[in-house]
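2 protein chains.
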Amino acid sequence: MQLLDKLHFNEKGLIPSVIVDYQDGQVLTLCYMNRDAVEKTIEAGKIHVFRRSQNRLMIKGETSGHIQLVKRVFFDCEGNSLVFAVEQKVAACHAGYKTCFYREYIPKTDSIQISGDKVFDPDKVYK
Amino acid sequence: MQLLDKLHFNEKGLIPSVIVDYQDGQVLTLCYMNRDAVEKTIEAGKIHVFRRSQNRLMIKGETSGHIQLVKRVFFDCEGNSLVFAVEQKVAACHAGYKTCFYREYIPKTDSIQISGDKVFDPDKVYK
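As given, the protein sequences belong to chains A and B, one line each in that order. According to this note's numbering, the residues represented by the first sequence are 82 to 208, in order. According to this note's numbering, the residues represented by the second sequence are 82 to 208, in order.
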C-alpha cells in the first residue's frame with residue numbers, strides 16, 4: 082500500500098487522523114490509528130481506530146453502529162497526519178452530537194456554548 | 082481562561098489542534114499546542130504553535146508571514162483536541178499549497194495524486 086510508505090507513525094506507533102464529513106467538510110472527530118488501523122480502514126472502507134484507553138484495534142461505531150464510510154483520503158506534507166472524508170452514519174460523538182467538537186469557546190466573554198444539535202440520546206444507544 | 086480548564090494536555094504537555102479555513106471549512110493543518118500556545122493564540126487572535134522540532138513557542142507564519150487569524154474556537158467532547166477556524170493569509174503549507182493535506186491517496190488504484198493548486202513558490206518565500 083503506497084500510502085503506508087508516506088506516513089510517519091509516532092513513538093507509540095500511532096498517527097493522528099482528522100475525520101471530516103465528506104459533504105459539508107465539518108470536522109467530526111480526531112482519532113489515532115496504528116499501522117493496522119490505517120490498513121484496515123483502507124481495505125474495509127470504514128474507519129478503524131486504535132483505542133488508546135483499551136489498547137486495541139476497533140471499528141469506529143462498534144457499539145453504536147454509527148460507522149464512518151471512507152470517501153476520500155488525504156495526508157499532510159510531512160506524512161505526520163491524515164484526513165479522512167467520510168459518510169457519517171447518525172452521528173460521530175458518543176455524547177449524541179453529530180461532531181465531537183460541539184462546544185465552542187467564546188474568547189470575548191470567556192464563555193462556552195453548545196454549538197451543535199443533539200442527534201441521538203446516548204442513554205438509548207449505549208445500554 | 083475557562084477554555085484551559087476543559088483541556089487535557091498529553092504527557093508531553095501538548096494538545097493537537099486542527100486548523101480549518103473559516104469560510105470553506107477545509108482542513109489546513111494539524112499542529113500541537115502547549116498551554117502557553119493556547120493562551121497566546123486566544124489572547125493574540127493568531128495561531129501560535131509549539132514547534133516540537135525546535136522545542137519552542139512560535140507564531141504560525143513567523144518566517145513566511147502567512148499567519149492565521151482566529152475566528153472561532155471549538156474543543157472536543159473529551160477535551161483532548163481543538164479546532165480553530167481561521168482566516169488564512171496566503172497559504173498554510175510550507176510547500177506552497179493552501180492546505181498541508183494537498184496529497185490524496187486513491188485506494189482503488191493504490192496511487193497518490195496532488196489535489197490542490199500551488200499558491201506560492203516556496204523558494205521565493207523561504208530564502
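Just so you know, these hints were derived from the structure itself, not from any lab. All residues carry an ideal CB built from backbone N, CA and C; glycine is no exception. Careful, some of the hints might be misleading.
Stated by the list, open to error - Per the computed footprint, the stretches of chain A lying under chain B, defined by three or more beta-carbons under 8 Å from a beta-carbon of chain B, are:
1) 100-111
2) 131-143
3) 152-161
4) 168-182
5) 198-205
Hints versus structure:
no., hint, result
1, 100-111, "holds (count 7)"
2, 131-143, "violated (count 0)"
3, 152-161, "holds (count 8)"
4, 168-182, "holds (count 6)"
5, 198-205, "violated (count 0)"
Hint violations for this structure: numbers 2, 5, all remaining hints satisfied.
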